[in-house]
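This is what each chain is made of:
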Amino acid sequence: EAGVAQSPRYKIIEKRQSVAFWCNPISGHATLYWYQQILGQGPKLLIQFQNNGVVDDSQLPKDRFSAERLKGVDSTLKIQPAKLEDSAVYLCASSLDVALGQFFGPGTRLTVL
Amino acid sequence: KQEVTQIPAALSVPEGENLVLNCSFTDSAIYNLQWFRQDPGKGLTSLLLIQSSQREQTSGRLNASLDKSSGRSTLYIAASQPGDSATYLCAVNTGNQFYFGTGTSLTVIP
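Heads up: the protein sequence lines correspond to chains A and B, in order. Quick note, my numbering runs 772 ahead of the 1-based positions in the first sequence. Residue 10 in my numbering is what sits at position 19 of the second sequence, and the numbering runs on without skipping anything.
Any given hint might turn out to be false.
Stated by the list, open to error - Covered stretches of chain B, going by a simulated chain A footprint (3 or more residues, C-beta under 8 Å):
no., stretch
1, 23 to 36
2, 81 to 89
3, 92 to 101
Keep in mind the hints are simulated off the structure, nothing from the lab. Even glycine gets a Cβ: it sits at the ideal position worked out from N, Cα and C.
Modelling step: build the complete structure from the supplied sequences, incorporating the hints.
Structure follows, in C-alpha cells:
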C-alpha cells in the first residue's frame, strides 16, 4: 500500500514570495490534514478536510494561507505572501477512520529568507 | 482545550537499557492515543495506537500503556538500540482533532 505522498521535499524562497505544497493521501482515506511543525515543537493542525469539505480551519492564517481539495483526493496548501516565521516543516496526513489513527507523509521543509 | 505534555524533552541512554517515555494530557475524554517516531528531517511514523477502552498495546520491543483517568500514557522501549534514536511524539485524539505533545528526543549511545 502506497503511503502519503508530498512534494516538494524542500523549498527555499524569499519573504513575500508565494509557495505551494502538494499532498496525495493514502488511497481511500477520506480525511486529510495539513500540519505546520516549527523546529522543536509538535505539529500544529492548520486544516482538516473530510472528502472535499473543510472540517476545521480554525488555526489557518487565512490572510496568507489557503488550501483546497477539489476532487476529494489530493490537496494543495498555498502561502502568499510568505513571512520569515513561516519557516517550518509542512506535514500532510490522512486517515481512513478516526479509530485507526492517522498516517503521515515525509513533509516539506520550507525555508523563508 | 486539550493540552499534551511530554517529559523529559530529551533523554540519553546507553545501548541495551530499558526506558520509559511519558505523555500526559489534561482532558480524559479522549478517543484514542497514538505514538509516533520522527527521524530528523522526516515525517512521522506511527508506532502504536491505543483506543480509549484499551490499557496497552505491544509491537516488538515497544509497549504503550494508557491510563485515561489519570491522563497518562507511557511508551516502554526494551533493550534500546542506537537505531531507536529519534524524537518520539504522542498525539491525543478527541474524536474531532489530534493534539500533539512537543516530543522526547531520544539518543541511544552505542
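Okay, the hints, checked on the actual structure:
Figure legend: the stretch 23 to 36 of chain B, annotated as covered by chain A; annotation consistent (8 residues with Cβ-Cβ distances under 8 Å, at least 3 required). Only when three residues or more bring their CB closer than 8 Å to a CB of chain A does the claim for the stretch 81 to 89 of chain B stand; here the count is 6, and the claim holds. With 3 residues carrying a beta carbon less than 8 Å from a beta carbon of chain A, the stretch 92 to 101 of chain B meets the three-residue requirement, and the given coverage holds.
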